[in-house]
Amino acid sequence: MRLNIYRYDPERGDPPRMQAYDVQPEAGDKKLLDLLMRLRVQDDSLSFRRSCREGVCGSDAMNINGRNGLACLTALDGLKEPIVLRPLPGFPVIRDLVVDMTQFFAHYHSIRPWLINDEPLPERERLQTPTERERLDGLYECILCACCSAFCPSYWWNPDKFIGPSGLLQAYRFIADSRDTASAERLDFLDDVYRLYRCRTIMNCTEVCPKGLSPSHAIERIRLALLQRSS
Amino acid sequence: MRLFTGQRAWVVQRLSALLLLVLILLAMLALPFASPLDFSAWRALAGGALGGPLIALLFGALCAHAWVGMRDIVLDYLQPRGLRLAVLGLITVVLLGVLARVLLSLAMVALAA
Ligand code: SF4
Ligand code: SF4
Ligand code: FES
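Same order as they appear, the protein sequences are chains A and B. 1 is the number of the first residue of the first sequence in the UniProt record's numbering; add one for each residue after it. 1 is the number of the first residue of the second sequence in the UniProt record's numbering; add one for each residue after it.
The hints are simulated quantities; they were obtained by calculation from the structure and are not laboratory data. Honestly, I wouldn't trust all of these hints.
Computed list of lysine to aspartate or glutamate pairs in EDC-like fashion (alpha-carbon distance at most 16 Å, straight line) [stated by the list, open to error]:
#: 1; chain 1: A; residue 1: Lys-30; chain 2: A; residue 2: Asp-14
#: 2; chain 1: A; residue 1: Lys-161; chain 2: B; residue 2: Asp-38
#: 3; chain 1: A; residue 1: Lys-30; chain 2: A; residue 2: Asp-100
#: 4; chain 1: A; residue 1: Lys-211; chain 2: A; residue 2: Asp-118
#: 5; chain 1: A; residue 1: Lys-211; chain 2: A; residue 2: Glu-54
#: 6; chain 1: A; residue 1: Lys-161; chain 2: B; residue 2: Asp-72
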């Protein structure tokens with residue numbers, strides 16, 4: 001199969017370029033990541049991240065034929081050739097397909113992605129009713145791959161100030177959690193023209209999430225929670 | 001007070017959009033029956049107890065909606081602080097000018113009637 005891959009090595013000082021490759025999939029190769037692993041045998045200078053190879057770690061996010069996705073979840077069948085691979089758009093490139101996620105994780109950190117509850121600890125655990133637990137469905141599954149944020153035009157323009165779909169989905173995950181007692185402070189933090197309200201409901205995030213989640217829906221829920229609080 | 005509000009602007013944008021939708025639909029339904037729409041008919045409409053306030057509301061919503069939209073564009077694309085404030089100032093002056101002009105005309109027509 002033919003591939004066209006973005007190559008950039010800042011240490012060599014050459015400008016970025018696209019490099020063509022030819023590689024034959026072997027029996028059992030089903031996903032794009034399988035092909036990339038074969039390619040790496042051919043050319044060990046090619047850099048990309050991967051770990052779990054089953055859509056759990058979120059490390060092999062890249063732009064595949066113009067669309068962000070995980071190489072390990074992208075079937076080779078049906079991929080148009082040449083397969084054009086680029087690093088996640090809008091993210092600083094470290095080398096080839098490896099991007100700098102520092103800012104992305106700083107946004108994640110800013111929403112305080114942990115349970116806040118200062119009430120005395122119960123003897124065993126903090127219980128939830130099945131309905132309360134259900135509210136976390138579609139939120140907790142996020143693997144922080146950044147496919148969504150790197151496909152969001154608002155995030156491209158204001159990556160330093162807009163939290164982005166991934167961080168906002170995570171923020172709502174804790175607002176929606178019945179065991180968390182800091183919803184009010186969380187909402188205060190989000191009520192900001194940049195942090196939350198740069199989202200224009202373009203819905204690229206929902207369109208592209210390889211885990212089938214809907215950050216734009218979570219964002220809508222945050223806005224509604226803010227509205228409810230102030231009315 | 002924060003200069004660029006988050007939620008308030010968003011609410012203003014949604015409410016003004018709703019108002020615009022309703023008012024424009026209303027106008028599209030009502031105006032074809034009001035023919036001939038000549039100068040005196042417009043004048044009577046603008047000076048009327050119903051028409052005047054509705055036209056004022058329409059332009060109020062239009063200017064509010066335009067303000068939030070233009071502000072969003074400026075916040076996205078204009079990063080230098082000085083340029084940003086200058087353009088925002090200009091937009092504010094133009095929109096307030098439009099609104100003032102409409103209200104003034106409506107008041108004059110109402111007083112003359
Ligand atoms: S919401 Fe989806 S696309 Fe975004 S980081 Fe989470 S798993 Fe990835
Ligand atoms: S819905 Fe909002 S967060 Fe999602 S891609 Fe659009 S602007 Fe970005
Ligand atoms: S390698 Fe872990 S998500 Fe693809």
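Hints, verified against the model:
1. Pair hint Lys-30/A plus Asp-14/A does not hold up; C-alpha atoms about 34 Å apart against a cutoff of 16 Å.
2. Distance restraint check for Lys-161/A and Asp-38/B: the Cα-Cα separation of roughly 52 Å exceeds the 16 Å cut-off, and the hinted pair is therefore not satisfied.
3. A C-alpha spacing of about 28 Å is found between Lys-30/A and Asp-100/A, which places the hinted pair above 16 Å, so the restraint is violated.
4. A threshold of 16 Å between alpha carbons decides the hint, and for Lys-211/A with Asp-118/A the separation of about 33 Å lies outside it, so the pair is violated.
5. Our distance criterion of 16 Å between C-alpha atoms is met by Lys-211/A and Glu-54/A, whose separation comes to about 11 Å.
6. In summary, the hint linking Lys-161/A to Asp-72/B is supported, as the alpha carbons are separated by about 14 Å, within the 16 Å threshold.
Of the numbered hints given earlier, the model fails hints 1, 2, 3 and 4; all others are met.
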